[in-house]
Every structure is written in C-alpha cells, then in structure tokens.
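One point on numbering: in the UniProt record's numbering, the residue at position 13 of the sequence shown is 13, and numbering is uninterrupted.
Treat the hints loosely; a few may be bogus.
As the list claims (entries may be wrong) - No more than 27 Å apart at the CA atoms, straight line, and that leaves these computed lysine-lysine pairs for DSS-like: (1) K30 x K43; (2) K53 x K67; (3) K30 x K40; (4) K28 x K40; (5) K53 x K40; (6) K11 x K53; (7) K30 x K67; (8) K2 x K28; (9) K11 x K40; (10) K30 x K53; (11) K43 x K53; (12) K43 x K28; (13) K2 x K40; (14) K43 x K2; (15) K11 x K30; (16) K28 x K11.
To be verified - Have a look at the derived ranges for each label pair, beta carbon to beta carbon: (17) Q9 x L54: 38 to 44 Å; (18) Q26 x V72: 16 to 22 Å; (19) M34 x R74: 52 to 58 Å; (20) V10 x I39: 15 to 21 Å; (21) T23 x I66: 42 to 48 Å; (22) A6 x R41: 20 to 26 Å; (23) L70 x S29: 46 to 52 Å; (24) K40 x Q9: 25 to 31 Å; (25) G33 x V72: 22 to 28 Å; (26) E71 x N49: 30 to 36 Å; (27) K73 x K30: 48 to 54 Å; (28) Q9 x D38: 41 to 47 Å.
Just so you know, the hints here were simulated from the structure itself, not pulled from any lab data.
As the structure is a computational prediction, the values presented were derived from the model and not from experiment.
Idealized CB from N, CA, C, for every residue including glycine.
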Amino acid sequence: MKQVEAGRQVKDVCREHGISDATYNQWKSKYGGMEAADIKRLKELEDENRRLKLMVADLTLENRAIKEVLEVKR
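Modelling step: build the complete structure from the supplied sequences, incorporating the hints.
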C-alpha cells in the first residue's frame with residue numbers, strides 16, 4: 001500500500017507481488033489506516049482467537065464424551 005501511496009500504479013504493485021487487484025483492494029479496506037504495529041497486533045489477536053476456538057472445540061468434544069460415559073454408567 002505504501003508503494004501505491006508513493007505514486008506507483010496498483011496493477012504494477014500487484015503484479016510485482018503476485019496478487020490480484022481484488023486482493024489489494026480487500027487488504028486496503030482491512031488494513032488501510034493501520035500502522036505496521038497495528039497490523040502485527042491484529043495478526044497476533046487473530047492467531048490467539050483461532051487457538052482459543054480450537055481449545056473450546058476440543059474441550060466441548062471431551063465434555064460430550066464424558067457425558068456419554070456417565071450416561072452409559074447410569
């Protein structure tokens with residue numbers, strides 16, 4: 001994005017980096033006003049969120065398995 005802001009053409013920057021114009025526009029709308037530190041923090045939060053969702057899914061499966069075992073014992 002900084003290259004485009006510096007005056008380069010979007011199509012040239014996209015070609016150089018192997019992305020489509022649509023991808024550039026999506027990234028621009030998502031990350032447009034952010035600084036590098038903000039983007040890094042967003043990525044860290046997204047990774048943490050992904051890990052937490054996996055933990056919840058694993059615990060949910062474990063909880064269901066325990067409940068099934070307890071139901072069978074009754």
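To see whether the hints hold, each was checked on the structure:
1. Pair hint K30 plus K43 holds up; C-alpha atoms about 12 Å apart against a cutoff of 27 Å.
2. Using a Cα cut-off of 27 Å, the hinted pair K53 and K67 holds, with the two alpha carbons roughly 21 Å apart.
3. Of the supplied pair hints, the one linking K30 and K40 holds, its CA atoms being roughly 13 Å apart against a limit of 27 Å.
4. Restraint check for K28 and K40: satisfied, since their Cα atoms lie roughly 15 Å apart, inside the 27 Å limit.
5. A distance of roughly 20 Å separates the Cα atoms of K53 and K40; the hinted pair therefore holds under the 27 Å criterion.
6. Taken as a hint, the K11 and K53 pair is broken in the structure, with Cα atoms around 37 Å apart against an allowance of 27 Å.
7. Among the hinted pairs, K30 with K67 is inconsistent with the structure: their alpha-carbon atoms are about 42 Å apart, more than 27 Å.
8. Our distance criterion of 27 Å between C-alpha atoms is met by K2 and K28, whose separation comes to about 10 Å.
9. With a CA separation close to 25 Å, the supplied pair K11 and K40 stays within the 27 Å bound.
10. For the suggested pair K30 and K53, the alpha carbons sit about 22 Å apart, so the restraint of at most 27 Å is met.
11. For the given pair, K43 sits about 15 Å from K53 by alpha-carbon distance, which is consistent with the 27 Å threshold.
12. Between K43 and K28, the direct Cα distance comes to roughly 15 Å. Compliance with the 27 Å bound is thereby established for this hinted pair.
13. The straight-line distance between the Cα atoms of K2 and K40 is roughly 16 Å, inside the 27 Å bound, and the hint therefore holds.
14. Taken as a hint, the K43 and K2 pair is honoured in the structure, with Cα atoms around 19 Å apart against an allowance of 27 Å.
15. Among the hinted pairs, K11 with K30 is consistent with the structure: their alpha-carbon atoms are about 19 Å apart, no more than 27 Å.
16. Of the pairs offered as hints, the one joining K28 and K11 holds, with about 14 Å between alpha carbons and a cut-off of 27 Å not exceeded.
17. Checked against the hint of 38 to 44 Å, the C-beta distance between Q9 and L54 comes to roughly 41 Å, which is consistent with it.
18. For Q26 and V72, the Cβ-Cβ distance of about 50 Å falls outside the hinted range of 16 to 22 Å, so the restraint is violated.
19. In this structure, M34 and R74 meet the distance hint of 52 to 58 Å, their C-beta atoms being roughly 55 Å apart.
20. In this structure the hint that V10 and I39 lie 15 to 21 Å apart at CB holds, the actual value being about 19 Å.
21. Take T23 and I66: their Cβ atoms lie about 44 Å apart, and the range 42 to 48 Å holds.
22. Between A6 and R41 the C-beta distance comes to about 24 Å, which sits within the given range of 20 to 26 Å.
23. Against the hinted window of 46 to 52 Å, the Cβ-Cβ separation of L70 and S29 comes to about 49 Å, which satisfies the hint.
24. The hint said 25 to 31 Å for the Cβ distance between K40 and Q9, and at roughly 27 Å that hint holds.
25. The supplied range of 22 to 28 Å is broken by G33 and V72, whose beta-carbon atoms lie about 56 Å from each other.
26. For E71 and N49, the hinted distance range of 30 to 36 Å is satisfied, since their beta carbons lie about 33 Å from each other.
27. For K73 and K30, the hinted distance range of 48 to 54 Å is satisfied, since their beta carbons lie about 51 Å from each other.
28. Remark: the range hint 41 to 47 Å for Q9 to D38 is contradicted by a beta-carbon distance near 26 Å.
In summary, the numbered hints that this structure violates are 6, 7, 18, 25 and 28.
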